[in-house]
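**Q** The listed protein sequences correspond, in order, to chains A and B.
Heads up, the first sequence stops at 112 in the numbering used here, and the numbers go up one at a time, no gaps.
Heads up, the second sequence stops at 501 in the numbering used here, and the numbers go up one at a time, no gaps.
Read the hints as simulated data drawn from the structure, not as lab findings.
Keep in mind that the hints are not guaranteed to be accurate.
[Stated by the list, open to error] Mimicking DSSO-like on lysine-lysine, the simulated pairs with C-alpha atoms at most 27 Å apart in a straight line are: (1) B:Lys106 - A:Lys96; (2) B:Lys53 - B:Lys106; (3) A:Lys51 - A:Lys96; (4) A:Lys96 - B:Lys441; (5) B:Lys357 - B:Lys445; (6) B:Lys441 - B:Lys357; (7) B:Lys53 - B:Lys102; (8) B:Lys357 - B:Lys153; (9) B:Lys53 - B:Lys477; (10) A:Lys23 - B:Lys153; (11) B:Lys477 - B:Lys102; (12) A:Lys96 - B:Lys161; (13) B:Lys102 - B:Lys445; (14) A:Lys23 - B:Lys161; (15) A:Lys96 - B:Lys153; (16) B:Lys153 - B:Lys106.
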Amino acid sequence: METLILVLVGVLVAVATYLILSKQLLRVILGTAVLSHAAHLLILTMGGLKKGDVPLLEESEGPYTDALPQALILTAIVISFAVTAFVLVLGYRAYKTNRSANFDELRGTPDE
Amino acid sequence: MSNMIVLPLIVPVITAILLVFLRENIFLQRIISLLTVSFVVLISVILLQEIQKQGVMRIDFSGWAPPFGILFVADSFAMLLVLVANIVAAICLLYAIFTIGKSFEKMYFYPFVLLMIAGVNGSFLTGDIFNLFVCFEVMLLASYALISLGGEKVQLREALKYVLINIVASWIFLVALAFLYGTVGTLNMAHISVRVMEAGADPLITTVALIFLIVFSLKAGLLLFFWLPGSYSVPPTAIAALFAALLTKVGIYALVRTFTLLFPTNTEVTHMVLGIMAGVTIIAGCMGALAGRDVRTIASYNVLIGVGFIVAGLAIGTESALQGVTYYLMHDMVAKAMLFLAVGMMMYVTGETVIDKMSGLIRNYPLFGWLFFIVMCSLAGIPPLSGFLGKVLIGQGAIEGGNFVLLGLGFLSSLIVLYSLLRIFLSSFFGETIISLEDEKPLPKRMVLPLTLLAACTIGLGIGAEWMAPYVTDAAKTLYTPSLYIDAVLDGTTWQGEVNK
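Please model the entire structure based on the sequences and the hints provided.
**A** What follows is the structure, encoded as structure tokens:
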């Protein structure tokens, strides 16, 4: 199971890398969103997928599943949610002001 | 007493939230934000005294004993950085109050600055590596908002690149965390150190260490600095000075912690890579500083030379080099803030950014001219200013450790720094004045005040080095012997048993 998920992580990273390397602003932003999903799955897998019961010490005798990766992912999801929301707004403003969503045209001139 | 450790994080967060509701009342916003930062300065002075008496202090949140809960650890190194960072932030805030303008102040400028300071303080103090990630993100989100505040064309364009680079860097941070957790099964920094020492020079752990190196190099501008000159030259002066003083330093702090505490094994590989990266950064920074004609570009590349020099000290890694790193980090925060404020003021009075187009400023503004002279001397490391001692100690460490290449590069870079700033000084401050008396823009005293305060700090850090010595020595001792830190966090006996097993 772990191997399967890791392959999935790899596929997600590949997709995200492809998107980020493109020149359209929106694709790049979507790429970063996919990238964060890959990281979350990776954390879950590294902590070990379901190995035992819910970690409520008096309810069962164990072995218990490690609950920490889920807590980490929850935090990471909230952060990536905030960042993605921010970068979408920023991207929209940049598009409105610079009248372009293409990174070739957003490069800027050296003597500004 | 140890509950006070949380105040540098929690007080700015609370006041930042409070200030959101005081949006219309700019006067109150100014007063409260200045008071908050000054309060943190006071707290860090008290904590610094306390650490000298009772050693490394910690606070376990909700009473979860380490290694299970999140905790804050205050050692001299972290506390010194909190102290200087907040002094510099207070002075930059003062400059912002006088210059930034109503439109910024109404757009939540102060809450964002306070949130950024909270993130910076949290990053310095935390003893849990995932919490470090969270504090980084707090700081970065605030900095994203600050860099795009104002919404000019160039700003939005550079902000976009800055944000995207940092998103990718944060992603690598998460990946490194996942691998670390998979390898050693803990997130408490002291506990990681113990587990890593148990495992010895395991190639897997070295790989994880190198992934962390990539993350923090991106944040610190070590070798992977391509984003830095662009994004540090677009925001208004006060914000650029805050960025230059604080953001890269947090990355360097993380590098120092990672490679003294977390991964003390297999230093041949990690410290060699660090040394090479530091050397290349110094060379590239020097080339950029020499080639630039725009004052902001020269200032940004000077940030990089500073980063390279500090990391060179870390790569050398002897106790006196670490003392030098501590001194130089403090000096660099003050001096870089001062350099960026000075550059901003040059642009304010002339309306130009290219050095050839300015001339004779010292005749129009003598005080400002001499203040720029002080920054220049301080950055070049001329005694009795603050840069001197850091350079001497790092140099001493390099000779002890036999790293003569880094020694040579470091000291050559001082000359280049001097030359690049002397170029600004000669062409813009000396020479025929081009501003006639009628056209002279008045430079109000209150604008020069922050620069004067920073000059006082750099002189104070240099002359007061004797007074700072016990704190710096203690900081370097804790960095050099990680067991002091680990003992304070894990209560001694338990972990030593684990290592012996």
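**Q** All hints are to be evaluated individually against the structure, with a verdict given for each.
**A** Taking the hints in turn, this is what the structure says about them:
{"no.": "1", "hint": "B:Lys106 - A:Lys96", "in the structure": "holds (22 Å)"}
{"no.": "2", "hint": "B:Lys53 - B:Lys106", "in the structure": "violated (44 Å)"}
{"no.": "3", "hint": "A:Lys51 - A:Lys96", "in the structure": "violated (50 Å)"}
{"no.": "4", "hint": "A:Lys96 - B:Lys441", "in the structure": "violated (35 Å)"}
{"no.": "5", "hint": "B:Lys357 - B:Lys445", "in the structure": "holds (25 Å)"}
{"no.": "6", "hint": "B:Lys441 - B:Lys357", "in the structure": "holds (16 Å)"}
{"no.": "7", "hint": "B:Lys53 - B:Lys102", "in the structure": "violated (46 Å)"}
{"no.": "8", "hint": "B:Lys357 - B:Lys153", "in the structure": "holds (24 Å)"}
{"no.": "9", "hint": "B:Lys53 - B:Lys477", "in the structure": "holds (15 Å)"}
{"no.": "10", "hint": "A:Lys23 - B:Lys153", "in the structure": "holds (19 Å)"}
{"no.": "11", "hint": "B:Lys477 - B:Lys102", "in the structure": "violated (47 Å)"}
{"no.": "12", "hint": "A:Lys96 - B:Lys161", "in the structure": "holds (16 Å)"}
{"no.": "13", "hint": "B:Lys102 - B:Lys445", "in the structure": "holds (20 Å)"}
{"no.": "14", "hint": "A:Lys23 - B:Lys161", "in the structure": "holds (12 Å)"}
{"no.": "15", "hint": "A:Lys96 - B:Lys153", "in the structure": "holds (10 Å)"}
{"no.": "16", "hint": "B:Lys153 - B:Lys106", "in the structure": "holds (20 Å)"}
When the structure is compared with the earlier hints, violations turn up for hints 2, 3, 4, 7 and 11 and for no others.
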